[in-house]
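*Asks:* Given next are the chains, with one letter for each unit.
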Amino acid sequence: MTGSAPATLDAARFEYLLRLADNGLVLAQRLGEWVGKGPVLEEDIASTNVGLDLLGQARLWLAYAGEVEAAGGSPLRGEDDLAYFRDSADFRNLLLVEQPNGNYADTIARQFLFDQWHVLLLGQLTLSRDERIAGIAAKAVKEVRYHVERSADWVVRLGDGTATSHARMQAAIDAVWMYTGEMFSVDATERVLIDAGIAADTSALQPTWQSSVQSVLDEATIVIPADPFMQGTRSRGGKQGVHTEHLARMLAEMQVLPRSYPDARW
Amino acid sequence: MSEWPLWEVFIRSQHGLAHKHVGSLHAADAEMAIKNARDVYTRRNEGISIWVARSADIHASSPGDRAALFEPANDKVYRHPTFFPMPDEVKHI
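Which chain is which? The protein sequence lines are A and B, in order.
Note that our numbering has the first sequence beginning at 314, numbered continuously upward.
Note that our numbering has the second sequence beginning at 123, numbered continuously upward.
Check the hints yourself; a few may be wrong.
Chain B is faced by these chain A residues, among others (derived, beta-carbon under 8 angstroms) [said to hold, decoys possible]:
id	residue
1	Val353
2	Glu355
3	Ile358
4	Ala359
5	Asn362
6	Arg463
Take a look, some chain B residues computed to stay more than 12 angstroms from chain A by CB distance [what the hints assert, rightly or not]:
id	residue
7	Leu139
8	Arg176
9	Ser177
10	Asp179
11	Pro185
12	Ala195
13	Asp197
14	Phe206
15	Pro209
Note that these hints are calculated values from the structure, not bench results.
The C-beta atom is built at its ideal place from N, Cα and C for all residues, glycine as well.
Generate coordinates for the entire structure from the input sequences, incorporating the hints supplied.
*Replies:* Shown next, in the form of structure tokens:
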């Protein structure tokens with residue numbers, strides 16, 4: 314655990330809410346890139362549904378983040394301000410969710426590893442001493458339980474499918490595995506919130522996550538990479554605003570319209 | 123993936139008594155068909171239960187047999203419960 318905690322509990326809470334929000338926002342945008350290009354019509358709709366669930370959750374987190382920030386005396390920033398007018402260094406999502414879509418196995422691998430973590434995180438957050446956080450988590454966890462089933466199902470289908478789908482699924486897990494360590498690294502910001510009963514201690518969730526992931530991968534005949542190197546841990550990752558090159562490009566597309574035409578309306 | 127078979131989807135709505143045919147979709151197996159049906163046909167809170175059946179397993183009457191199958195019923199009005207009053211309490215007839 315390194316890095317210094319924000320000066321006040323509410324400053325830490327704001328940071329933490331951005332982390333929760335940006336995971337959903339960024340992954341929703343990535344899934345949105347598949348719209349109209351899914352491998353089959355049914356999958357196109359299903360994957361877009363997941364994206365919309367995540368976007369809905371992100372809106373709730375962002376709205377609360379804006380309120381917490383404004384309570385500290387800053388001007389109020391709404392959901393749209395936070396989504397469209399922050400640069401990549403101000404985003405707090407995990408490195409995992411900003412990775413490009415790749416082929417469908419890549420998209421599924423990213424989703425699977427995230428979903429398995431997300432459902433555990435939200436389960437813990439329903440117990441948060443911050444009632445607003447507990448409430449949003451309780452609503453979101455129901456949606457995410459379905460995401461978990463869907464992505465695990467696809468990992469098994471592709472992993473235990475044809476020689477080609479197996480090879481792609483294995484390569485996909487190999488490619489993103491190094492971004493999973495960040496999910497369980499607790500920095501100073503999270504530590505003060507964990508001690509206050511507000512945030513979830515994700516480091517404690519790692520064994521449960523590992524065993525769920527392992528059992529799905531076993532069924533899928535996929536092996537976990539042997540290399541233990543993890544990207545973005547030790548307080549130098551997406552949660553602290555240190556992103557891969559992919560995020561800025563993604564945001565450029567996501568934010569171009571409101572930045573070019575700030576008063577644009579549907 | 124065009125080799126995925128076609129499935130017929132039946133949804134029982136919130137207040138419905140029976141599953142109703144709502145459409146069809148492609149899926150590799152029954153489990154996937156139910157998941158896809160959930161995403162394609164129940165996004166707006168339409169249902170509380172889903173049935174799927176392989177389209178190939180549904181056997182239909184032939185349109186050419188219509189006369190033989192259905193017309194003999196036309197002149198047998200005594201088969202309809204119209205010759206006695208129905209109590210108000212009896213529903214769904």
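*Asks:* Indicate, hint by hint, whether the structure satisfies it.
*Replies:* Comparing the hints with the structure gives:
| no. | hint | result |
| --- | --- | --- |
| 1 | Val353 | holds (5 angstroms) |
| 2 | Glu355 | holds (4 angstroms) |
| 3 | Ile358 | holds (5 angstroms) |
| 4 | Ala359 | holds (4 angstroms) |
| 5 | Asn362 | holds (5 angstroms) |
| 6 | Arg463 | holds (6 angstroms) |
| 7 | Leu139 | holds (27 angstroms) |
| 8 | Arg176 | holds (15 angstroms) |
| 9 | Ser177 | holds (14 angstroms) |
| 10 | Asp179 | holds (19 angstroms) |
| 11 | Pro185 | holds (29 angstroms) |
| 12 | Ala195 | holds (40 angstroms) |
| 13 | Asp197 | holds (47 angstroms) |
| 14 | Phe206 | holds (50 angstroms) |
| 15 | Pro209 | holds (43 angstroms) |
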